[in-house]
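Chemist: Respectively, the protein sequence lines represent chains A and B. Position 197 of the first sequence, counted from 1, bears residue number 197 in this note's numbering, the numbering being contiguous throughout. Going from the second sequence to this note's numbering is simple: count from 1 and add 277.
Hints are computed from structural coordinates only; laboratory data are not their basis. Warning: the hint list may mix true and false statements.
[As the list claims (entries may be wrong)] A partial selection of chain A residues facing chain B, derived with a Cβ cut-off under 8 Å:
id, residue
1, I83
2, R86
3, A93
4, P95
5, Q231
6, N233
7, E276
Quick caveat: nothing in here was measured; it's all calculated off a predicted structure. All C-beta atoms in this analysis are idealised placements derived from N, C-alpha and C, irrespective of residue type, glycine included.
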Amino acid sequence: MKAFMQRTTWITWVTFLEAIRQRFFAFLIVLGGAMVLSSVAFRFMDFGHGELKFVADFGFGGMFLFGSVLGVVMTAQLFFSEIDNRTALTLLAKPVSRAEFLLGKFFGTWLVLAIFVFVLSGLLGAVLWSRSIELNELAEKMGRLAPEFSPGGLVAFALLQWLRLGVVIAIVLTIASGARTFLYAVVVGALAVVAGQLQWIAQDVLLKPEGSVWYRGVLWVTSRLLPNLEQFNIGDALVLDPTSVPANAVVQVAISGLIYMVAFLMLGTALFRRREI
Amino acid sequence: MTSAAISVRHLTKDFRVGLRGLKLRAVDDLTLEVPRGQVYGLLGPNGCGKSTTLKIILGLVTATAGEISILGQTYATAEARRRTGFLPEAPYFHKFLSGRELVRYCARLSGVAPTQLDQAVEEALTLTAMTEAAGRPIGTYSKGMLQRIGLAQAIVHDPELVILDEPTAGVDPVGSVAIGRMIQEMRSRGKTIVLCSHLLGQVEQVCDRVAIMDRGKLVLEGRVEEVLSRRDRHVITVESLTPAARAAAEAALAAHGAKVTSVTHPRRSLEDLFQELVKGSRDA
Numbered sequence: 001m002k003a004f005m006q007r008t009t010w011i012t013w014v015t016f017l018e019a020i021r022q023r024f025f026a027f028l029i030v031l032g033g034a035m036v037l038s039s040v041a042f043r044f045m046d047f048g049h050g051e052l053k054f055v056a057d058f059g060f061g062g063m064f065l066f067g068s069v070l071g072v073v074m075t076a077q078l079f080f081s082e083i084d085n086r087t088a089l090t091l092l093a094k095p096v097s098r099a100e101f102l103l104g105k106f107f108g109t110w111l112v113l114a115i116f117v118f119v120l121s122g123l124l125g126a127v128l129w130s131r132s133i134e135l136n137e138l139a140e141k142m143g144r145l146a147p148e149f150s151p152g153g154l155v156a157f158a159l160l161q162w163l164r165l166g167v168v169i170a171i172v173l174t175i176a177s178g179a180r181t182f183l184y185a186v187v188v189g190a191l192a193v194v195a196g197q198l199q200w201i202a203q204d205v206l207l208k209p210e211g212s213v214w215y216r217g218v219l220w221v222t223s224r225l226l227p228n229l230e231q232f233n234i235g236d237a238l239v240l241d242p243t244s245v246p247a248n249a250v251v252q253v254a255i256s257g258l259i260y261m262v263a264f265l266m267l268g269t270a271l272f273r274r275r276e277i
Numbered sequence: 278m279t280s281a282a283i284s285v286r287h288l289t290k291d292f293r294v295g296l297r298g299l300k301l302r303a304v305d306d307l308t309l310e311v312p313r314g315q316v317y318g319l320l321g322p323n324g325c326g327k328s329t330t331l332k333i334i335l336g337l338v339t340a341t342a343g344e345i346s347i348l349g350q351t352y353a354t355a356e357a358r359r360r361t362g363f364l365p366e367a368p369y370f371h372k373f374l375s376g377r378e379l380v381r382y383c384a385r386l387s388g389v390a391p392t393q394l395d396q397a398v399e400e401a402l403t404l405t406a407m408t409e410a411a412g413r414p415i416g417t418y419s420k421g422m423l424q425r426i427g428l429a430q431a432i433v434h435d436p437e438l439v440i441l442d443e444p445t446a447g448v449d450p451v452g453s454v455a456i457g458r459m460i461q462e463m464r465s466r467g468k469t470i471v472l473c474s475h476l477l478g479q480v481e482q483v484c485d486r487v488a489i490m491d492r493g494k495l496v497l498e499g500r501v502e503e504v505l506s507r508r509d510r511h512v513i514t515v516e517s518l519t520p521a522a523r524a525a526a527e528a529a530l531a532a533h534g535a536k537v538t539s540v541t542h543p544r545r546s547l548e549d550l551f552q553e554l555v556k557g558s559r560d561a
């Protein structure tokens, strides 16, 4: 077990070094950061919501969009660079198991996305904090209720987003393990993320006793096979109104994410074991 | 358990190609044994199944039929792979790592103990003459250096069996000779080496045994001297052969039922000539 952990850690570290050097990562983190910071400039377009909510939604949107793109493309790219460049041939001819290889890829990519999520969350936190101070002073002067901002809620949200991206990486690695080309893995991975984002619709429909058995069967399988990625998007509630989120909701979402992550990694390993390098 | 380093029996590998799943036979009923402590040459034209055979031996590809044994294990277990070093054809490594970092990384993956790591890495770099360039990123290496650092990562954990797939591909003749010397050095240390190469001259020089494959089948196998020597022909090298001496010799041989089939001047190989000239110019 110790050797398993050590080999996985080494592959994780080299994957992380490879990923962090990619221009694509630098480009998206700069773009995401710019989007978070520019939210202040667009706050007049708040469509009747509170200013902090608009800024938070804008930032969460950037994190979600660019994080998903990074999670899908970078995971597939890091996996196929090893296969296409045949570095996997060198590694897997050593006493490295397919599970260690796949887990190394997973943790290396997940580590890079941790940087992405926590840097953007830090920026968003700074923007929300500075605006909340100004708005609190204004509210005091006008005798209105001051808007709430919870740094602890932001940390919880960042952790949930990181977990969501972990599920995305696990899904893409599973697809890549059985895919022949990078493009296939990216397209199917992106579709799986979109389907996961819409999975709650299948769950909603399933609650209504309508439709044929076949239709309900498909919905049942879909709603179990794909994780509900929408459930991770409780950011504005956690950050701006933490009391509205039940105490066990975050834990339940986290457990559900972890279960899907482990399940997809196990499926990916099983597929990768059958793959000829 | 067999005493051979590698034993392959009736190995067959089919690949499915295209949407209709047409069967392409890459290896066809191959049987061979690689004895321990020898350099074994696996030869054949491109696409003859050499690399596929090596991949099956290393557990990277599954066989359709047949059995393999590697270092006494019935398949390429983690233990067997720990005792094996592999240099793939046209190796590619992470460009951002330095040569030393790559060898260190591979040593850790191969189970070299942390206390022995530095020594093992430096020994591998020294044997492959990569000590000076070891601090540079791999992205700056020439083809020859890539092959040598590939060799270093293959031997850093002191394996019993070293499998080299085209170690001299893209390397200039001087570099090829250096790699040949490294192979001989490894043999002198008791390693078993399997060498796939198109450089037949080098294979002839360094290998103890050779197997020649064509279209997935084994067409010839044996000791190098045995397979190359023509038992029905003899060579006599003579100095100062005058026409009269030649006629007398032919008459004497004919009297005993022998026939002279050709009289030529001995040639040296282009490789020998090249080595002599290049080495001479570099020494100067």
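Chemist: Each hint should be assessed against the structure and marked as holding or not.
Modeler: Here's how the hints hold up against the structure:
At its closest, the beta carbon of A/I83 sits 11 Å from a beta carbon of chain B; the interface hint therefore is violated under the 8 Å criterion. Because the smallest distance between the Cβ of A/R86 and any Cβ of chain B comes to about 6 Å, under 8 Å, the interface hint for this residue holds. Below 8 Å, beta-carbon pairs count as interface contacts, and A/A93 has one with chain B at about 4 Å; its hint therefore holds. At a threshold of 8 Å, the smallest CB-CB gap from A/P95 to chain B is about 4 Å, leaving the interface hint in force.
Hint on A/Q231 is violated. Least Cβ distance to chain B is approximately 37 Å, over the 8 Å limit. For A/N233, the interface hint is violated, since its Cβ never comes within 8 Å of a Cβ in chain B; the closest pair sits about 35 Å apart. This hint holds: A/E276 has a C-beta 5 Å from the nearest C-beta of chain B, less than the 8 Å allowed.
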